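Trainee: Sequence lines, in order, name chains Z and U.
Be aware that the first sequence starts at 0, since it is given in numbering that gives the first Met the number 0, and climbs by one per residue.
Be aware that the second sequence starts at 0, since it is given in numbering that gives the first Met the number 0, and climbs by one per residue.
Keep in mind that the hints are not guaranteed to be accurate.
Given that identical chains are not distinguished, each listed pair holds provided it fits within a single copy or across any two copies.
Capping the alpha-carbon separation at 25 angstroms, the derived lysine-lysine pairs in DSS-like fashion look like this [stated by the list, open to error]:
| id | residue 1 | residue 2 |
| --- | --- | --- |
| 1 | 223 | 93 |
| 2 | 226 | 151 |
| 3 | 126 | 78 |
| 4 | 327 | 3 |
| 5 | 231 | 93 |
| 6 | 154 | 45 |
| 7 | 154 | 126 |
| 8 | 331 | 231 |
| 9 | 78 | 43 |
| 10 | 3 | 151 |
| 11 | 363 | 49 |
| 12 | 3 | 205 |
| 13 | 263 | 49 |
| 14 | 2 | 93 |
What the hints contain is simulated information worked out from the structure, not anything from laboratory work.
These numbers come from a predicted model, not from an experiment.
Okay, here's what each chain looks like letter by letter:
Protein chains: 2
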Amino acid sequence: MVKKYIMTPGPTPISEDVLVEHGRPLMHHRSPEFSKIFSETTDKLKKLLKTENDVFILTSSGTGAMETAITNSFSIGDKVLVVNIGNFGERFKKISSIFGLEVISLDYEWGEAADPEDIRKILDEEKAVKGVMAQFSETSTGALNDVMAMGKIVKDYPAIFIVDAISGLAASDFDTDGWNIDIVIGGSQKGLSAPTGLAFVSISGKAWKAIEISDISKFYFDLKAAKASLQKNQTPWTPGISIIVAMNRALDLLFEEGLEDVFKRHRVLAMATREAAGALGLELFVADPGQRGFSVTAIKVPEGIDGKELTRIMRVKYGVTIAGGQGKITGKIIRIGHLGYVGMFDVITAISALEMTLADLDYKFETGAGITAAQKVFSENNYLDQ
Amino acid sequence: MVKKYIMTPGPTPISEDVLVEHGRPLMHHRSPEFSKIFSETTDKLKKLLKTENDVFILTSSGTGAMETAITNSFSIGDKVLVVNIGNFGERFKKISSIFGLEVISLDYEWGEAADPEDIRKILDEEKAVKGVMAQFSETSTGALNDVMAMGKIVKDYPAIFIVDAISGLAASDFDTDGWNIDIVIGGSQKGLSAPTGLAFVSISGKAWKAIEISDISKFYFDLKAAKASLQKNQTPWTPGISIIVAMNRALDLLFEEGLEDVFKRHRVLAMATREAAGALGLELFVADPGQRGFSVTAIKVPEGIDGKELTRIMRVKYGVTIAGGQGKITGKIIRIGHLGYVGMFDVITAISALEMTLADLDYKFETGAGITAAQKVFSENNYLDQ
Chain Z
0 MVKKYIMTPG
10 PTPISEDVLV
20 EHGRPLMHHR
30 SPEFSKIFSE
40 TTDKLKKLLK
50 TENDVFILTS
60 SGTGAMETAI
70 TNSFSIGDKV
80 LVVNIGNFGE
90 RFKKISSIFG
100 LEVISLDYEW
110 GEAADPEDIR
120 KILDEEKAVK
130 GVMAQFSETS
140 TGALNDVMAM
150 GKIVKDYPAI
160 FIVDAISGLA
170 ASDFDTDGWN
180 IDIVIGGSQK
190 GLSAPTGLAF
200 VSISGKAWKA
210 IEISDISKFY
220 FDLKAAKASL
230 QKNQTPWTPG
240 ISIIVAMNRA
250 LDLLFEEGLE
260 DVFKRHRVLA
270 MATREAAGAL
280 GLELFVADPG
290 QRGFSVTAIK
300 VPEGIDGKEL
310 TRIMRVKYGV
320 TIAGGQGKIT
330 GKIIRIGHLG
340 YVGMFDVITA
350 ISALEMTLAD
360 LDYKFETGAG
370 ITAAQKVFSE
380 NNYLDQ
Chain U
0 MVKKYIMTPG
10 PTPISEDVLV
20 EHGRPLMHHR
30 SPEFSKIFSE
40 TTDKLKKLLK
50 TENDVFILTS
60 SGTGAMETAI
70 TNSFSIGDKV
80 LVVNIGNFGE
90 RFKKISSIFG
100 LEVISLDYEW
110 GEAADPEDIR
120 KILDEEKAVK
130 GVMAQFSETS
140 TGALNDVMAM
150 GKIVKDYPAI
160 FIVDAISGLA
170 ASDFDTDGWN
180 IDIVIGGSQK
190 GLSAPTGLAF
200 VSISGKAWKA
210 IEISDISKFY
220 FDLKAAKASL
230 QKNQTPWTPG
240 ISIIVAMNRA
250 LDLLFEEGLE
260 DVFKRHRVLA
270 MATREAAGAL
280 GLELFVADPG
290 QRGFSVTAIK
300 VPEGIDGKEL
310 TRIMRVKYGV
320 TIAGGQGKIT
330 GKIIRIGHLG
340 YVGMFDVITA
350 ISALEMTLAD
360 LDYKFETGAG
370 ITAAQKVFSE
380 NNYLDQ
């Protein structure tokens with residue numbers, strides 16, 4: 000038997016508690032029983048997002064929620080600014096172009112976070128910009144944008160600020176209202192550690208004004224229909240009932256642990272993973288420590304080693320699934336997720352499997368150095384004192 | 000304790016076998032383990048649909064799949080013919096209009112099926128019609144369209160034929176290729192008795208030609224992206240993994256029972272429900288017996304009785320959830336689903352609860368007459384001889 004572990008930046012491991020909820024018989028989506036759970040789940044998402052704004056749960060992947068934000072907020076020909084630091088910035092650009100928007104792209108090298116001041120410069124020059132889009136945690140590189148600083152800038156312009164927080168939520172603090180973020184996009188299968196298949200968006204008053212005048216065609220993702228249904232604590236179309244039920248429980252687990260402790264746990268898990276990588280002589284993909292997020296660690300594949308072979312051996316021989324690179328850095332990095340229902344021994348397991356795999360591939364390093372470094376981080380940071 | 004029963008035309012009851020699969024830990028959607036299950040599930044859907052066409056699984060409700068069919072197949076300004084026999088015909092019209100199509104609506108009274116010859120007349124007059132859309136089973140009324148006859152007609156015109164078979168699949172025979180249906184739309188939570196959250200579409204060669212020239216904007220529901228991913232047995236965006244795993248098992252159950260036996264079971268369940276209604280002095284909403292489908296039975300609420308109160312009592316006091324009317328017939332009919340993982344004693348339970356509720360509401364009838372009539376149908380039709 001090769002026991003299986005999932006250490007990717009989504010889907011993340013799901014706790015037994017949540018799986019049991021997920022496996023319960025379904026109630027009807029027009030029943031009061033469902034409405035109660037739906038309303039609870041929506042309220043818990045608001046608490047996680049720290050917002051008084053409307054929150055809508057969508058039955059789709061996070062990409063569907065990105066499309067929702069774009070098609071509801073803009074009109075054909077609108078100018079938008081996409082802050083692009085990786086694969087999901089590229090996706091914002093692609094969706095915007097497809098739906099007829101004029102995209103100004105603020106591109107950075109993959110592995111970097113954006114400089115918020117660059118946004119101010121563009122907004123000062125380009126008066127017609129209707130929206131600014133950015134990732135919080137860029138899943139493809141592990142870089143974390145300073146969306147708080149960005150929000151402080153964008154709020155003084157007519158543009159609305161859309162943040163894809165899909166892989167960043169619940170790994171570190173996210174303050175939707177305090178940071179002036181008009182639309183936040185999240186997913187069920189990342190920091191929440193619920194099953195895949197749901198996404199959600201929060202919508203500010205400023206965003207609603209944009210939505211009112213949007214002329215892009217939409218139906219399944221129409222937020223006006225979602226808003227009308229929300230007043231009855233329902234969704235306009237049949238939702239992923241069992242995933243909502245599971246996500247409701249998953250959110251409880253976060254609040255039972257306490258958000259501050261959840262964030263601390265992720266910070267230490269990330270630190271341990273990074274120290275371990277360093278001790279193995281590996282280089283992190285995000286060079287600036289201040290730009291590294293807490294959901295996923297991207298590590299450069301060492302010279303002479305085949306990145307795809309590395310992830311394949313880890314998965315097949317050792318049972319540990321991590322992610323490779325996406326887009327133009329496919330094969331060049333590996334990504335270890337330490338997001339969601341993950342504890343310190345999951346990181347120890349991943350690093351241990353990584354060491355064994357590197358040995359299989361004849362990479363030279365001191366056996367046990369990664370594990371030792373990770374253990375040191377856990378003990379020095381009082382991981383268990385929560 | 001009030002034990003709960005779900006007897007709606009979707010979501011339908013889910014077997015313990017399928018719930019157990021659904022509750023399993025998730026594998027990553029880019030792993031070979033998932034690709035294997037995804038490929039198996041797709042093949043089983045083809046077998047159920049009796050088609051060699053491409054089949055795509057979407058993470059959305061059936062409405063999302065209706066939008067997929069429309070936004071992929073047509074261009075802005077295209078003329079389409081919607082065969083409208085109820086609430087979901089209305090939905091086809093609404094989606095088509097929103098995405099800029101010119102809709103010719105072939106409307107019938109709710110409770111009737113369409114006359115296929117009416118389609119021929121319109122296609123002869125309106126040479127520019129690019130597509131014909133119809134429901135197989137119209138969930139809101141229980142009427143069943145003769146899509147085989149329609150397909151025979153449409154195939155000789157340039158128009159493609161799109162059929163919403165969401166609530167009809169697996170209740171009676173559906174022969175996609177034999178009936179010349181270019182796009183079939185289905186859902187996970189109806190006859191398949193898997194959890195809500197997935198839909199699927201099959202696409203013929205004739206439909207692909209239309210898709211190639213479509214100019215309507217789409218991204219999440221873009222079938223060209225889905226086709227590119229299907230070659231790797233993947234989806235372009237993160238799918239509802241646990242629902243696909245559950246649906247894979249649910250499809251096994253259908254084939255283990257044997258499709259012919261599945262259809263016979265649904266036929267007898269429908270017949271028993273209808274005989275029971277008649278024995279209680281209730282009138283069926285679909286007047287013509289030849290136009291009644293096998294998924295759901297719509298029954299007129301008797302004069303003097305409040306339809307919403309009837310379904311409320313059945314649900315709250317007796318634990319049996321059935322559906323009320325939708326759209327313009329809200330409160331005027333009740334709908335008993337006998338679709339999916341449903342056996343004869345589920346129908347007995349529903350009729351028994353209906354009798355008790357009618358008694359609570361002072362409706363005059365012979366106690367036990369419904370149950371007796373249903374039992375007679377089961378015994379006369381050798382329900383158990385399969």
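Trainee: Check the structure against each numbered hint from earlier and tell me which ones fail, lowest number first.
Mentor: The structure breaks hints 2, 4, 9, 10, 11, 12 and 14; every other hint is satisfied.
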